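Student: Spelled out from the first residue to the last, the chains are:
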Amino acid sequence: MKGLLVKDLLLLKNQKRILILLLLVSVLFLYSAENAGFMITYCTFIASMLCVSTISYDEYHHGNQFLFTLPFLRKVYAREKYLLCIGSSCVVWFLATLISGAVTFLRPSVHTFDFSNFLLSSGVSFILLVFFLALLLPLQIRFGNEKGRLFVTIFMGAGVGICISLESILREAGIHAGDTLFEVLGFLQIHTETAAVIALVLTALCCFISYLISVKIIEKKEF
Amino acid sequence: MLTITDLKKNYGSFQLDCSLRAEPGSITGLIGQNGAGKTTTFKAVLGLIAHDSGSIQIFGKDVSALTAADKENLGIVLSDSGFSEYLTVKDLVTIQKTFYKNFSSRDFLKKCSDFQIPLDKKIQDFSTGMKAKVKVLCALSHKAKFLILDEPTVGLDVIARDEILELFRSYMEEDEERSILISSHISSDLEGLCDDLYMIHSGKIILHEDVDTLLDSYGLIKADPAQFNRMDKQYILRYRKEPYGYSCLTGQKQFYMENYPDVAIEKGNIDEVITMMIKGEIL
Chain R
23 MKGLLVKDLL
33 LLKNQKRILI
43 LLLLVSVLFL
53 YSAENAGFMI
63 TYCTFIASML
73 CVSTISYDEY
83 HHGNQFLFTL
93 PFLRKVYARE
103 KYLLCIGSSC
113 VVWFLATLIS
123 GAVTFLRPSV
133 HTFDFSNFLL
143 SSGVSFILLV
153 FFLALLLPLQ
163 IRFGNEKGRL
173 FVTIFMGAGV
183 GICISLESIL
193 REAGIHAGDT
203 LFEVLGFLQI
213 HTETAAVIAL
223 VLTALCCFIS
233 YLISVKIIEK
243 KEF
Chain S
21 MLTITDLKKN
31 YGSFQLDCSL
41 RAEPGSITGL
51 IGQNGAGKTT
61 TFKAVLGLIA
71 HDSGSIQIFG
81 KDVSALTAAD
91 KENLGIVLSD
101 SGFSEYLTVK
111 DLVTIQKTFY
121 KNFSSRDFLK
131 KCSDFQIPLD
141 KKIQDFSTGM
151 KAKVKVLCAL
161 SHKAKFLILD
171 EPTVGLDVIA
181 RDEILELFRS
191 YMEEDEERSI
201 LISSHISSDL
211 EGLCDDLYMI
221 HSGKIILHED
231 VDTLLDSYGL
241 IKADPAQFNR
251 MDKQYILRYR
261 KEPYGYSCLT
271 GQKQFYMENY
281 PDVAIEKGNI
291 DEVITMMIKG
301 EIL
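Each protein sequence line maps, in turn, to chains R and S. Heads up, the first sequence is in the numbering used here, so the first residue is 23 and it goes up one at a time. Heads up, the second sequence is in the numbering used here, so the first residue is 21 and it goes up one at a time.
Take the hints with a grain of salt, since some may be wrong.
So the derived list for chain S, only partly shown, Cβ under 7 Å to chain R, looks like this [claimed, not checked]: (1) ILE96; (2) GLU105; (3) ASP111; (4) ILE115.
No farther apart than 27 Å at their CA atoms in a straight line, the calculated lysine-lysine pairs in the DSSO-like style are these [as the list claims (entries may be wrong)]: (5) S:LYS299 <-> S:LYS261; (6) R:LYS35 <-> S:LYS151; (7) S:LYS141 <-> R:LYS24; (8) R:LYS38 <-> S:LYS141; (9) S:LYS224 <-> R:LYS243; (10) S:LYS131 <-> R:LYS24; (11) R:LYS238 <-> S:LYS81; (12) R:LYS38 <-> S:LYS142; (13) R:LYS243 <-> S:LYS81; (14) S:LYS81 <-> R:LYS24; (15) S:LYS117 <-> R:LYS38; (16) S:LYS117 <-> R:LYS24; (17) R:LYS35 <-> S:LYS130; (18) R:LYS97 <-> S:LYS28; (19) R:LYS24 <-> S:LYS151; (20) S:LYS81 <-> R:LYS242; (21) R:LYS35 <-> S:LYS142; (22) S:LYS110 <-> R:LYS24; (23) S:LYS141 <-> R:LYS35; (24) S:LYS142 <-> R:LYS24; (25) R:LYS242 <-> S:LYS224; (26) S:LYS151 <-> S:LYS131; (27) S:LYS165 <-> R:LYS24; (28) R:LYS97 <-> S:LYS121; (29) S:LYS121 <-> R:LYS24; (30) R:LYS97 <-> S:LYS163; (31) S:LYS28 <-> R:LYS238; (32) R:LYS97 <-> S:LYS81.
If you're looking for bench data, these hints aren't it; they were derived computationally from the structure. These numbers were taken from a predicted model, which means no experiment stands behind them. Here a beta-carbon is modelled for each residue, glycine too, at the ideal position from N, C-alpha and C.
Please put together the full structure from these sequences, using the hints given.
Tutor: In structure tokens form, the structure reads like this:
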């Protein structure tokens, strides 16, 4: 695993320009926008996508054929990608939250700083991103970069479609899904700690299932 | 070192069906035309593709059961794949150091310097020859017991090819238990390097022979129709009609030289043997 991580970090080193641009844009957001939440989401998303792009680097010029003759087991490849993508997202999210929190707090124009609200919005964006990664990674590993993105779009579209159809079916049956959803959300808003625990457990579970699927995919894949 | 028994892989229009052995202390060559099945065989050996039936054993273990530690004893060159070309040779040193316990940075860097390979340039900016050299140096860098080399000399000029082949010879001399499986479509490379040779055509092994036997005993008989008709044909492997009569491939050159002194017999070489084995007819 260490070898794979080193390889990916060295590949990411080539993305210095994007990282510098990311920093500049983030600084710009910090100084121009009242809401620093966007900067956190933006940084974390770009960092995780950079890490996901290492899967495409591996495929470039039939690179996977040679890569998979190196001394590691196939499941370790999946493990390394999850560690790299989710791990780097965690680190970037933490740093971005810390910096934007400090800047917002110290900004002279802001008189009231609701720390728990700030952390909540930042946490929600992180959890959504990890869910997205849990969907994206198996698809990228299975289909590669271009087809992978296409399948993500199809999956997300299908997800929205299913939700809308489900809602209309429930409405016809006399059940107002929107009301129930608002009730659940209302409950979770009051019990923030319970909501956070549920969200974290669900995220971890999704990641684990996604990882198991990726292991199955990579173990069956032919190069 | 490697035993392939009745390996079968079906791609619809192409079927691979081969058996092959690479013994410790020897260099085994696999030669064939483009699309003959060399790369498919290598991919199956390396576990990159699943096979339909048969078995592949490396170091006495089924290829699917090889551990990461077992894989450290393999040195691989693939014709159309290698480390990411976005990396530099310096990066490769760092990466290989973490992958292989026996990787020697000093030896690797010395060989890179001998071959005038720049360390800070991305591999994608290298010439084809330089890329081929880097692949070979990587395969040789961690004291592997078994080298699996698919077209390692492709894209190299004659001098560079000789240098690389010399590296393989030195590699074998360092430890008599080492072994190499090498494929090439350049027969002269294999002629001077290999101990035994497998010829593959349309997914099937059509000939397996010691290189010495092949060069000493095989011959190409050039006979006119009258000579051909009175000739004992029990040692004729393939024959082909030519404008002057017939050319025949034999594995018993001496027999025909002694019994038919009036017939022209040429010393066998790998190219002619391949051509006759593929294009000639069986009596």
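Student: Hint by hint, say whether it matches the structure.
Tutor: Going down the list of hints, with the structure as the test:
no.: 1; hint: ILE96; verdict: 4 Å, holds
no.: 2; hint: GLU105; verdict: 6 Å, holds
no.: 3; hint: ASP111; verdict: 5 Å, holds
no.: 4; hint: ILE115; verdict: 5 Å, holds
no.: 5; hint: S:LYS299 <-> S:LYS261; verdict: 11 Å, holds
no.: 6; hint: R:LYS35 <-> S:LYS151; verdict: 21 Å, holds
no.: 7; hint: S:LYS141 <-> R:LYS24; verdict: 24 Å, holds
no.: 8; hint: R:LYS38 <-> S:LYS141; verdict: 16 Å, holds
no.: 9; hint: S:LYS224 <-> R:LYS243; verdict: 25 Å, holds
no.: 10; hint: S:LYS131 <-> R:LYS24; verdict: 26 Å, holds
no.: 11; hint: R:LYS238 <-> S:LYS81; verdict: 23 Å, holds
no.: 12; hint: R:LYS38 <-> S:LYS142; verdict: 15 Å, holds
no.: 13; hint: R:LYS243 <-> S:LYS81; verdict: 21 Å, holds
no.: 14; hint: S:LYS81 <-> R:LYS24; verdict: 25 Å, holds
no.: 15; hint: S:LYS117 <-> R:LYS38; verdict: 24 Å, holds
no.: 16; hint: S:LYS117 <-> R:LYS24; verdict: 10 Å, holds
no.: 17; hint: R:LYS35 <-> S:LYS130; verdict: 25 Å, holds
no.: 18; hint: R:LYS97 <-> S:LYS28; verdict: 26 Å, holds
no.: 19; hint: R:LYS24 <-> S:LYS151; verdict: 25 Å, holds
no.: 20; hint: S:LYS81 <-> R:LYS242; verdict: 20 Å, holds
no.: 21; hint: R:LYS35 <-> S:LYS142; verdict: 12 Å, holds
no.: 22; hint: S:LYS110 <-> R:LYS24; verdict: 17 Å, holds
no.: 23; hint: S:LYS141 <-> R:LYS35; verdict: 14 Å, holds
no.: 24; hint: S:LYS142 <-> R:LYS24; verdict: 22 Å, holds
no.: 25; hint: R:LYS242 <-> S:LYS224; verdict: 26 Å, holds
no.: 26; hint: S:LYS151 <-> S:LYS131; verdict: 14 Å, holds
no.: 27; hint: S:LYS165 <-> R:LYS24; verdict: 23 Å, holds
no.: 28; hint: R:LYS97 <-> S:LYS121; verdict: 21 Å, holds
no.: 29; hint: S:LYS121 <-> R:LYS24; verdict: 13 Å, holds
no.: 30; hint: R:LYS97 <-> S:LYS163; verdict: 26 Å, holds
no.: 31; hint: S:LYS28 <-> R:LYS238; verdict: 24 Å, holds
no.: 32; hint: R:LYS97 <-> S:LYS81; verdict: 20 Å, holds
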